[in-house]
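**Student:** Just need the whole structure built from these sequences, with the hints factored in.
Those sequence lines, one after another, are chains A and B. Mapping of the first sequence onto the numbering used here: position 232 corresponds to residue 232, and the numbering continues sequentially without gaps. Basically the numbering used here = 1-based index in the second sequence + 1000.
Everything labelled a hint here was simulated from the structure, so no lab data went into it. Hints are not guaranteed to be accurate.
Unchecked claim - DSS-like mimics (lysine-lysine), calculated; alpha carbons at most 27 Å apart, straight line:
| hint | chain 1 | residue 1 | chain 2 | residue 2 |
| --- | --- | --- | --- | --- |
| 1 | B | K1443 | A | K318 |
| 2 | A | K39 | B | K1064 |
| 3 | B | K1189 | B | K1320 |
| 4 | A | K295 | A | K86 |
| 5 | A | K295 | A | K277 |
| 6 | A | K301 | B | K1755 |
| 7 | B | K1755 | A | K318 |
| 8 | B | K1443 | A | K326 |
| 9 | B | K1443 | A | K249 |
| 10 | B | K1678 | A | K301 |
| 11 | A | K291 | B | K1443 |
| 12 | B | K1036 | A | K326 |
| 13 | A | K326 | B | K1678 |
| 14 | B | K1036 | A | K39 |
| 15 | B | K1320 | A | K295 |
| 16 | B | K1744 | A | K318 |
| 17 | B | K1303 | B | K1443 |
| 18 | A | K291 | B | K1036 |
Stated by the list, open to error - Reference listing, derived: stretches of chain A covered by chain B, where coverage requires no fewer than 3 residues with Cβ under 8 Å from a Cβ of chain B:
| hint | region |
| --- | --- |
| 19 | 55-63 |
| 20 | 125-137 |
| 21 | 310-316 |
| 22 | 319-331 |
The beta-carbon is built from N, C-alpha and C at its ideal position, and this holds for glycine as well.
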Amino acid sequence: MNSFTLTQATAADEAVRDLTSHDGAAYLGGGTNLVDLMKYNLTRPTHLTSLGLLPLADITSLPDGGLRLGALATNADTAWHPEVEKRYPLLSQTILAGATPQLRNAATNGGNLNQRTRCYYFYDLATPCNKREPGTGCSALTGPNRVCGVLGTSESCIATHPSDMCVALAALEAVVRVQGPDGERTIKFEDYHRLPGDQPEADNTLKAGELVTAIDLPEEGYADHFTYLKLRDRSSYAFALVSVAVGLKMSGQTIEKARFAVGGVAHKPWRDQEAEKMLEGQTASPDLFRKVAAKVFAEAKGYGEGSLHNSFKIELGKRAIVRALKQAVEMEYEVNPNAFLNSNP
Amino acid sequence: MSQTIATPPTVRLDSDVIGKPINRTEGPAKVSGAAKYAAEFDVTGPLWYGYIVSSPVAKGKITKIHAEEVLAIPGVQRVFSHENVPSLAWFDRAYKDDVAPGGSPFRPLHEPEIMFSQQPVALVVAETFELARYAASVLRIEYDVEKHNTDLESSIDEAFDAPKGKTGFLPPPKPKGDMNKAFAEAPHKVAGEYIHRAQHHNPMEMFATTVDWLGDGKKMKIYDKTQGAPNVQQYIAKIFGLSKDEARIISKYTGGGFGAGLRPQYQVFLAVMAALELEHSIRVVMNRSQMFSMGYRPHTLQKLRLAADDLGHLQAIEHKALAETSQFENETETVVNWSAILYDAPNTNFDYQLTKLDLNTPADMRAPGAATGSFALESAIDELSYKAGKDPLEFRLLNYTYEDPSENKPFTSKRLDDCYHEGAARFGWEKRNPAPRSMRDEKGLLVGWGVAAGCWDASTQKAAAKAVLTADGHLTVSSATNDQGAGTYVIMTQMAAQTLGLPMSQVTFNLGDTDMPAAPVQGGSWTANSVGAAVKNACQEIGKKLLKLAQKIDDSPLAGVDFEDVQFVDGHLRANEDITRSVAIADVLAASGEAKLEADGKAGPNPLNMLKYSMHSHNAAFVEVKVDEDLGTIHVTRVVNAVAAGRIMNPKTARSQVLGGTVWGLSMALMEETYLNKDFGRYVNHNYAEYHIPTNADIHKIDVIFVEEEDDIASSIGVKGVGEIGMLGVAAAIANAVYHATGKRVRELPLTIDKLL
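**Tutor:** Next comes the structure, spelled out in structure tokens:
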């Protein structure tokens, strides 16, 4: 029988000790991904360290002007938190573009970072997958791969990170706080998720036993110029084909500071700091946006033509960046993520 | 809404329930959870669970099943596979169900050969569901893998003319004139290739069977998810050599079917086999991935050529289709014939072929064949209208058929023209700027308006019903039909109440049990018509008995009155000529001293009428799309769906049917596609997250118009059925609207973002 033991930890250090003292253990947050993985027999933890009682569900202001999002705050509570809505509307909008209300009510912020890919082959035990079983091969390289990536891919894996929230966190330059057997440390968001390389089984840079305790947002929330543009196969409950999170600081028509990240195209939320620099100090214009978009996808590689394959994401991604930058400059789009795929000009 | 309801001679309209928007009688049970589905029934003794193991390979042979490893797990009762499946019926015909296509039906666990990916290869039975699922997941099976072919496009050379063999399949119409010459010489012409890949039905309720082992010989109560309990019963009885008494099939509620439940699915075979072998109650439920292991709307390639003269009259129609089927059965759909019914031309050519692939057999899926054919036809007609310089609606009216050219027969009724007119008026079609790319909304999005027509059979099948009127005045009517959400419960209650003039509250309609009179599978839009007529006939027989009893009463006010001259209203029998000559049904029953009156009713097709007439329902769908051209996003912001389908028994449930059909058409146009990985011969997006159907956020305003038809030839009760017709036209209208918005003609479904980049 597929049995497991479960401990209800009450503090982060206790949770880390509990997990590291069991072989084959996993942390259980909201369970919206892990329980699916267990039902699909993709993972069979023999012990679960439940995090539900940890005091990590608060959202609190930081002395430096930032905001701390507890790892166990739900996605819904985070999106609707007054401080998040006011100071980080990009994050609020992005979270609400993801999943469904039911999932957002259960899913935690820490779990959102650590959710696994939605690549078809990862979930199908009948097909090879290097992420699931290293060394078996990547079925997505030649098979239908509409959900897969075109940037930073490798011959061993072209999976994408499925999160919407993380795309905004990348643009906002969040910092991930973790606690492990050796104590606490912080990880810059751009360093948190990794590219597949020849180790696609590792989604992120967490070390064994490390637990996400919080996500810190810097003071700058780009509340005056932001957008999350999500393009998908239906208006709700669909992962992004391409998404773009943008935060800008503007002075008149001049872009003073630009941060953006692209989702649905890579093993991690894709930031291109050179492309961001191309925007800074410049006057907003379609030409500029097109150049920036071309820069981001200059090294992109598609895996096959037609609607079942993902080469179209390169052109779509460029157009999405141009549109998202325009929306963030003009701030004349509909914020409701369920209105027309959030893509109105 | 058109409400020109006249009185066809065979139906009394003196009651007030038929044609009224009455709520579903089963609604409270469904929303309160009291309604039980196949996997929810309790059994008399302990229940064991069977979990299905599916093949990971598309073609090959099982060489070894390590059952002993799994049987060592405490609580695992049995591992069924081809190695230990009991000896069963030998000939194919035992496995043929009522709606099976030609060929040799799939026999679960019959042999080690693998014919399609996800073929069931074993059933693990254990004492709990979780244990069965776990044991199934660790069951090691070894295969000799052979090279498979699941690629339709590269197998065109192996195509063959679709053979007869499936009930209801019409071979392509015969050619007329000289297609090639007419096409070459015509001033206006279009030629296009159309494609959609496999689509799976995906009803919400998973296929499931609970067998209640009654401990009395081989007697079982078999609760099954199906669209036709009698079809399952004859299948199970033949295969396992059981009597009807032993294999009672019960299917009170069906959580969606859409055609997936027309044929008995393999879980019912596995559950019954396990129950008989173990002499124990068993439940087998498919998982969501396994819902992609069964029938599907087949990947189909179509070619159309149309030509018109200077005035816009069609001169040439050619429609060819090639569909996939399995290696073991020839699933056939009526795909191209619609082009010969909706339109006419002096020069025509039709062709319908199949290719065998290493996949499971396709299955009927909502408006099978017509959904496929009419998408291509109505796209091409639209394209030709622009070539001919005509408004797409005007072009359709110009080429309107008043008789069915495919068989040179008159239609029993066809108010498609009124669907066009009333739909256009409601939609505001006259405000349409005919030029592509000419309309934008206030936000700058491209706006397109499209129209397309649909056509479906109005057919009648053999059906039976039983009516029982008890001394307390309550009428109970039953038939072993099905309600997969269509509203069968309420419309049959209406029919019974209407016929005997009783209030709805005094009538109960029961269905979904093979102890009841036989009825056909619920499909083809024939239930309302076929079962409705049987219910009416059964109730009329009760009415005749009541009249006889009423006339036995001393000084009966109805003495000497013929049944034809009696009406049943408000719980009374009354003489048509003088409604004061009246007797209450309650008084008749009381005077008679009878505890109950019983009667059977039957209905079926009228072969003479079928020879003389063409019987069809029609619709016209008007669609508005908004397209964000830079991003390729399409939104259907408005639909008007005008339907001519005879009498509408209940405008509320019929409207729901057409709303559902419209959403289905939208889904086909914009979202649905099962991704086949040809390296593995396997569908890979086999879950609700990646097989996309619309969410609430995708659906905007939908307006349904019923253009009622007076038609007592297509059906004795004037009903044509609305199960399929609502989805037709919608997909083509969307593609046509996208063309009007963008100037881009997309002939491949679904119309996903990438197709407009």
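**Student:** Please go over all the hints and tell whether each is borne out by the structure.
**Tutor:** Evaluation of the provided hints:
With a C-alpha separation of about 22 Å, the suggested pairing of K1443/B with K318/A holds against the 27 Å cut-off. Simply put, K39/A and K1064/B have alpha-carbon atoms about 26 Å apart, close enough for the 27 Å limit, and the pair holds. Distance restraint check for K1189/B and K1320/B: the Cα-Cα separation of roughly 16 Å lies within the 27 Å cut-off, and the hinted pair is therefore satisfied. A C-alpha spacing of about 32 Å is found between K295/A and K86/A, which places the hinted pair above 27 Å, so the restraint is violated.
Under the criterion of a C-alpha separation no larger than 27 Å, the hint pairing K295/A with K277/A is consistent with the structure, at around 11 Å. A hinted pair counts as satisfied when its Cα atoms are at most 27 Å apart, and K301/A with K1755/B qualifies at roughly 19 Å. Note on K1755/B and K318/A: the hinted pairing holds, with a Cα-Cα distance of about 16 Å set against a maximum of 27 Å. Our distance criterion of 27 Å between C-alpha atoms is met by K1443/B and K326/A, whose separation comes to about 14 Å.
The hinted pair formed by K1443/B and K249/A meets the criterion: a straight-line CA distance of about 25 Å does not exceed 27 Å. Taken as a hint, the K1678/B and K301/A pair is honoured in the structure, with Cα atoms around 22 Å apart against an allowance of 27 Å. This hinted pair checks out: K291/A and K1443/B have alpha carbons roughly 26 Å apart, not beyond 27 Å. At most 27 Å may separate the alpha-carbon atoms for a hinted pair to count; K1036/B and K326/A exceed this at roughly 53 Å.
Simply put, K326/A and K1678/B have alpha-carbon atoms about 41 Å apart, too far for the 27 Å limit, and the pair is violated. The straight-line distance between the Cα atoms of K1036/B and K39/A is roughly 25 Å, inside the 27 Å bound, and the hint therefore holds. The straight-line distance between the Cα atoms of K1320/B and K295/A is roughly 46 Å, outside the 27 Å bound, and the hint therefore fails. A threshold of 27 Å between alpha carbons decides the hint, and for K1744/B with K318/A the separation of about 21 Å falls inside it, so the pair holds.
For the hint linking K1303/B to K1443/B, the alpha-carbon distance of about 38 Å lies beyond 27 Å, and the restraint is violated. A distance of roughly 60 Å separates the Cα atoms of K291/A and K1036/B; the hinted pair therefore is violated under the 27 Å criterion. Counting residues of the region 55-63 of chain A whose beta carbon lies closer than 8 Å to any beta carbon of chain B gives 0, which falls short of the minimum of three for the stated coverage. Coverage of the region 125-137 of chain A by chain B holds. Counting CB-CB distances below 8 Å, 3 residues qualify, and the rule asks for three or more.
For the region 310-316 of chain A, the stated coverage by chain B holds: 3 residues have a C-beta nearer than 8 Å to a C-beta of that chain, and at least 3 were required. For the region 319-331 of chain A, the stated coverage by chain B is satisfied: 4 residues place a CB nearer than 8 Å to a CB of that chain, which reaches the threshold of 3.
In summary, the numbered hints that this structure violates are 4, 12, 13, 15, 17, 18, 19.
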